[in-house]
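*Asks:* Chains as they are written, first to last, in this note's numbering: chain A, 1 to 362; chain B, 363 to 724; chain C, 725 to 1086; chain D, 1087 to 1448.
There may be inaccurate statements among the hints.
Chain C is faced by these chain A residues, among others (derived, beta-carbon under 8 Å) [stated by the list, open to error]: (1) 3; (2) 10; (3) 14; (4) 31; (5) 74; (6) 76; (7) 78; (8) 79; (9) 115; (10) 116; (11) 123.
These are computed hints drawn from the structure, not numbers from a lab. Beta carbons: idealized from backbone N, C-alpha and C, even for Gly.
4 protein chains.
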Amino acid sequence: MSSFFGRMFRISTWGESHGGAVGVVIDGCPPRMQLDLEAIQRDLDRRRPGQSKITTQRRESDEVQILSGVFEGKTLGTPILMLVQNTDARPHAYDEMRDKFRPSHADYTYMAKYGIRNWQGGGRSSARETIARVAAGAVAKQLLREWAGIEVLACVEQIHHLKAEIDPDGFTSAQVESNIVRCPVPAIAEEMVTEVDNARRRGDSVGGIVLCTARGVPAGLGDPVFDKLDATLSHACMSIPATRGIEFGSGFSSILMTGIEHNDAFEMREGRIRTRTNRSGGIQGGISNGETIYFRVAFKPTATVMVPQDTVSEAMEETVLQGRGRHDPCVLPRAVPIVEAMTALTLADHLLIGRAGGQWGR
Amino acid sequence: MSSFFGRMFRISTWGESHGGAVGVVIDGCPPRMQLDLEAIQRDLDRRRPGQSKITTQRRESDEVQILSGVFEGKTLGTPILMLVQNTDARPHAYDEMRDKFRPSHADYTYMAKYGIRNWQGGGRSSARETIARVAAGAVAKQLLREWAGIEVLACVEQIHHLKAEIDPDGFTSAQVESNIVRCPVPAIAEEMVTEVDNARRRGDSVGGIVLCTARGVPAGLGDPVFDKLDATLSHACMSIPATRGIEFGSGFSSILMTGIEHNDAFEMREGRIRTRTNRSGGIQGGISNGETIYFRVAFKPTATVMVPQDTVSEAMEETVLQGRGRHDPCVLPRAVPIVEAMTALTLADHLLIGRAGGQWGR
Amino acid sequence: MSSFFGRMFRISTWGESHGGAVGVVIDGCPPRMQLDLEAIQRDLDRRRPGQSKITTQRRESDEVQILSGVFEGKTLGTPILMLVQNTDARPHAYDEMRDKFRPSHADYTYMAKYGIRNWQGGGRSSARETIARVAAGAVAKQLLREWAGIEVLACVEQIHHLKAEIDPDGFTSAQVESNIVRCPVPAIAEEMVTEVDNARRRGDSVGGIVLCTARGVPAGLGDPVFDKLDATLSHACMSIPATRGIEFGSGFSSILMTGIEHNDAFEMREGRIRTRTNRSGGIQGGISNGETIYFRVAFKPTATVMVPQDTVSEAMEETVLQGRGRHDPCVLPRAVPIVEAMTALTLADHLLIGRAGGQWGR
Amino acid sequence: MSSFFGRMFRISTWGESHGGAVGVVIDGCPPRMQLDLEAIQRDLDRRRPGQSKITTQRRESDEVQILSGVFEGKTLGTPILMLVQNTDARPHAYDEMRDKFRPSHADYTYMAKYGIRNWQGGGRSSARETIARVAAGAVAKQLLREWAGIEVLACVEQIHHLKAEIDPDGFTSAQVESNIVRCPVPAIAEEMVTEVDNARRRGDSVGGIVLCTARGVPAGLGDPVFDKLDATLSHACMSIPATRGIEFGSGFSSILMTGIEHNDAFEMREGRIRTRTNRSGGIQGGISNGETIYFRVAFKPTATVMVPQDTVSEAMEETVLQGRGRHDPCVLPRAVPIVEAMTALTLADHLLIGRAGGQWGR
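Generate the whole structure from the sequences, applying the supplied hints.
*Replies:* Encoded structure:
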């Protein structure tokens, strides 16, 4: 188990879906920041189940409490403890999971690794642990904004076969939040809602892609050779439940170009060194180059489906699992704030590391 | 700068392309292993420039020296220092790089970050630093084999539009090494060689995909929630120069399936819990499930091309860079041992961490 | 701020004296341990204020709550969150501290470092943070006992000029707990109680020495060259508030011996390699040698005294601070479980690290 | 094995006494520092054997080579590799050590831990590994001086019963280097030389105390609650071979004072907040307070003595070890630069960490 993340802006998360609470310690948040509690709660609300007809109907209010690290509204520089109580626990809804491993979930692998598991709602492997990420990420976002003018903004780019054309520099938070699927292109967004709702009705699920951007990142963030910006962002985002892949800038499609076609020429623009195109996705040699950072994260179709599935039991007997209860037919809308959070945590860490070394910003 | 990697099987790498040497310290390699020096040199030879007509023609013998941590052929449990001297340094070949930033290279971002750079051959951002990864990875491979029966094996799956159909469980090391492009499907391999050679003649370059597998991985490796196996493998592989993306199992294509289509049913096979399909790529909830681990890493077309390119100088003036000298028209063949190395280092780390916690293998 | 400790048995602590709560996350505790809650509470009660007439009379029940990581009484291998609510907060008792720096406390240095401080009761620098250490240490003790048969036991050896002669191998937990000062030699213990009580009546304070032992430690624990057992134990114990020094085995008095006098001869005893004397304190070259580990930690006289003291204000004006309220005339009795806790945490970490590397116990 | 030290100014050391070389990687040294190679060599010369009649007569020139991280005399911000070749290897001088464990050395514990050891000259447990510490420490000293005006200076305060009275603020580097024992009080220094020389003639050895100071440290360095300045300095210094204890400021003698006697009153002096006395040793609550930091490190009498000693063999038979060859009758003179190095490395780490968090110096 490793629930620690970061070197200088470090977090330590904890909590099972049906234990007492889930939460996070932030160690390394700078002092004297006026903490915006509403912004934290707002991001938690974007992650919350039951927020619309296309997310799970579980009712969890997910109100954040802060138990340390803040005094008269300001950060102290000491560890910040944030937690959210678990309220809508219906342990009996999970009785079948006690003995049977849900396909493409973590039930079996947790058992193989630990020899014990909290089978209620997935325990530690439940997406409920991402509350801690989102709460900490909201603090990181505030740090990035105030200290470096960096904005992290993600959206849904694709659900199943429905793909929106989105310019990484050209969509706004208001557009993203204007619909329940969080796709900034209204026409496609509407189709996506229908697609997800249809999957829900069939007891099925669909996956898709989150496009994440970081705007206003100054040149110089990232720590080669192992903690390159794309490497740590990959680490961060690929630790989110249900992810399958990540690509930066031109990504996998760069393969179909030649070097001459693909290279980003440098030019002078507004007195700064800029690239004419941004196939590099704002990162070169693992270090930000001052262009908008953008990358895509693929999420598989949710593993929980409402049909009978072949599986085995803890007693190693073949059996059938009858899906029932409430589920997310598509994690994408709720994944948006989670990807933003992991991105913000990663950038905040590099920001502090860069300051330490007299490197960036000197 | 962060050239440390790993928690228990830790490495620390160092070296510029035109400094005295490049090398690595391994801290945490278990004692009493009979170190197979030839295997280390063999992997370095697979990474070496000049090994065939489709790699750069620079001549570097890249002979490894071990200066500590080994006694009478066996590891002591103390830090192992391995280094390779830099020999074929032609600093004047790089005179133009002194003042001009090469497009889609790290020259500009290193300057933006550090305010100084060794412009000779890329300095620390040169792919020459991967020698350290390959040498350390060869030791990790040996540990994985001896302690857990794990084999890491990668190959080239795609170059530009040429894609081979490869079963992650069905190719051998001999097939990979049977041709200079390291694709186990001979017919496609031949086409790939031609494709790369053509790019070379044009002064152009091409990218592609490395498919990497880890076979024989027992269920239980990986450390949620942040050091999930796919997260740390992503960190490791996305820190390799020229990478653009990574995907596990069904990857980005999972998006076009529904949950019912995509889930891997469990079944009993040969007395073990197995999945009927392996869309999960051997990892569920960030922990290995006993199936073959496989993932794909996308490499962009090499940034060094032999044509004039628009760029800017350190003095912030627009200029043209005239590519010349020797270059790799395609990094894929040499990338194979590097991806293997980073995979082995990551798995070795999880293996030791798992042993510590009384988790896996108990 | 760095409230993370340990590499494999890692903790992350948080909490101010007058915030909502203080607590700890344990990351890396092995799964399937039947957690002994009473043992945790018992150690917290030994640390608790108000436990006797010679400790501070603040009333804090310090009841521990566990919010994650435990299921049906057993550890899950996931992070364990333990917290203790803050109850007896009398912020007004600290009004004078709002503006004036208490001599030999951390008020001034926190202000110099963070530019902000929670002046109520010391905030993060309050000894109240040691609750987190003691709770986590109690879990570590259980791990050490069950996995390796190691017992950690400390006592008060000296208070001011009153020094007990104590054989590191020859005192019991019952003897330590038989009196309120936690010195296992009853005659001296009685004098110590009087000494502390006299200091309390005068509004003064006294310091002393905690002797800590770890018995049953197998040979082979410790990780040279930087994480030698004595180095990490020093780190751990010197991070406890009010410590001034630490010495192992013969310690500072070794200086008055020559090498011939000081060396511990090896001999065979009961089929094992043993040392005839134990001036090494159970550690040689930073690694346990199978003898009892023992060391001494010096605690200064408590900085809080009930007399007027010269100091300066936040406004940088010279002033006088009039001590009042409740205070600990001597931290030694309450320091015993804290030193034990930090020792247990350190040994547990080395135990897991050693298992990882196939080193100890193979 | 853990040969990594530091969080932001990180080092990784390697090397056995009779392997090819010993050395260090520094990861995190800021870029654009004009590296003073002579200063590095000068500190290595102070550590070098054979430098006077009272150190071991082994002849090792210990010339440092830098293989990476420096370009045209300046640091690049990339890892710096420094190494020293092993030259004066007389492996046969150690034949007796092949089978017999030297009392109060690490031969037995290394064998117990690793099941293998390089018995030639102590292997990794040899004091020769401190070359790496001193080389890295010399770079850290330069960083401290240039970035923060901090000077680290140590001296020998006591050898056996001979104790000099030394004001932590009142001795100079020239005084320390004016005699071969490195005690700044000439009269005592002379006696100390005689004392050590007498021990050498008898084949015996003596221990003593190094007093270390850091002057010019601004208020605000140190990272509670676990990485308090005294805690990390203890970790650093207690990892040096042959150390037995460490104490800060008033140290163990604080026990004989009461709180009223011991507290350091604050006052305004030269426009700054100062303490009237400095019993705190420049550290309060684990954070520097702007006064001179000082602490003492106790070194035991060297374990190598030239008389027959009882011991056991690897075959677990009782036997006698006949000491012979060259040895250090007292490590104190050579320990001075080593304590300075570990102190500088620790302070440099805190300096960079503090900069990261917008804490100190903001």
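*Asks:* Each hint: holds or not?
*Replies:* Outcome of the hint check:
{"no.": "1", "hint": "3", "verdict": "holds (5 Å)"}
{"no.": "2", "hint": "10", "verdict": "holds (6 Å)"}
{"no.": "3", "hint": "14", "verdict": "holds (4 Å)"}
{"no.": "4", "hint": "31", "verdict": "holds (4 Å)"}
{"no.": "5", "hint": "74", "verdict": "holds (6 Å)"}
{"no.": "6", "hint": "76", "verdict": "holds (6 Å)"}
{"no.": "7", "hint": "78", "verdict": "holds (4 Å)"}
{"no.": "8", "hint": "79", "verdict": "holds (4 Å)"}
{"no.": "9", "hint": "115", "verdict": "holds (6 Å)"}
{"no.": "10", "hint": "116", "verdict": "holds (5 Å)"}
{"no.": "11", "hint": "123", "verdict": "holds (7 Å)"}
Checked against the numbered hints above, the structure breaks none of them.
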